[in-house]
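Protein sequence lines correspond, in order, to chains Y and U.
The opening position of the first sequence corresponds to residue 1 in my numbering, with each subsequent residue numbered one higher.
The opening position of the second sequence corresponds to residue 1 in my numbering, with each subsequent residue numbered one higher.
Think of the hints as simulated: they come from the structure by calculation, not from any bench.
The reader is advised that the hints may include incorrect statements.
A pair counts as met if it fits within one copy or between any two copies, since identical chains are not told apart.
[What the hints assert, rightly or not] The calculated lysine-lysine pairs, modelled on DSS-like cross-linking and capped at a C-alpha distance of 30 angstroms, are:
no., residue 1, residue 2
1, K20, K66
2, K83, K100
3, K83, K66
4, K100, K66
5, K116, K66
6, K116, K20
There are 2 protein chains.
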Amino acid sequence: MTDFRSTCPIASALDIIGDKWTLVVLRSIMVGQRRYSELLEMPERISTNILADRLQLLEREGLIGKHPYQQRPQRYEYTLTEKGADLLPVMQALVEWSYKYIPGRYQVPESYRTAKPQDIYPNGT
Amino acid sequence: MTDFRSTCPIASALDIIGDKWTLVVLRSIMVGQRRYSELLEMPERISTNILADRLQLLEREGLIGKHPYQQRPQRYEYTLTEKGADLLPVMQALVEWSYKYIPGRYQVPESYRTAKPQDIYPNGT
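In isolation and in its complexed conformation, chain Y is listed as follows (with noise of 0.2 angstroms):
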């Protein structure tokens, strides 16, 4: 269980996902990225134990799933839960601050700014 600081919301929401790599990799798995061999080539160049320390993190938090998809050795797939979803909105608002004061960034696709949470949870839910 993560120690909240105090009742603050925006300081417990730091508290789980205050860092700059959490939402950076939560961010590929959004957009199809889901294994960790895929995972590893975002152009951020993340570590591998970075990698894996932040999946275990994301996993733990219920933020992403984890499902075999080959046998010998095993191997996972990482999907979005609707916890991990709901933070679309978050990283929404960070694009927007930086599209108005950090010039040449890449710019994303349209769809992405405009999403819902809803459009991205997964099935069943």
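With chain Y's structure known, arrange chain U on it following the hints.
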């Protein structure tokens, strides 16, 4: 200058504010705790070295301004800039996510949940 890991707007925003403390300090300034001594008393129990570091970061990145309110010893008050105020939607999205997923969080005033960044822009912009 911040060294950006990629041109992804999400990752780039997190290169600046992606840690447990920066947005918490900004939140406190946003709700009117403008002096160092007041900020030190936030319920999250920030240490003096982390507070000094984050205030420096926030000022360097142009998210807050610093204004002397006392001489000998000189002391400063911190206020949001437009760039800092424009992080309000990020904080609001974190608040809504927390309310959905983390029980027992403090209820922020309704006005905070519906405010626009323009409502908290500094005078004269």
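Here's how the hints hold up against the structure:
no.: 1; hint: K20 <-> K66; verdict: both (22 angstroms within a copy, 26 angstroms between copies)
no.: 2; hint: K83 <-> K100; verdict: both (28 angstroms within a copy, 9 angstroms between copies)
no.: 3; hint: K83 <-> K66; verdict: within (14 angstroms within a copy, 38 angstroms between copies)
no.: 4; hint: K100 <-> K66; verdict: between (36 angstroms within a copy, 22 angstroms between copies)
no.: 5; hint: K116 <-> K66; verdict: within (23 angstroms within a copy, 38 angstroms between copies)
no.: 6; hint: K116 <-> K20; verdict: both (24 angstroms within a copy, 26 angstroms between copies)
Checked against the numbered hints above, the structure violates none of them.
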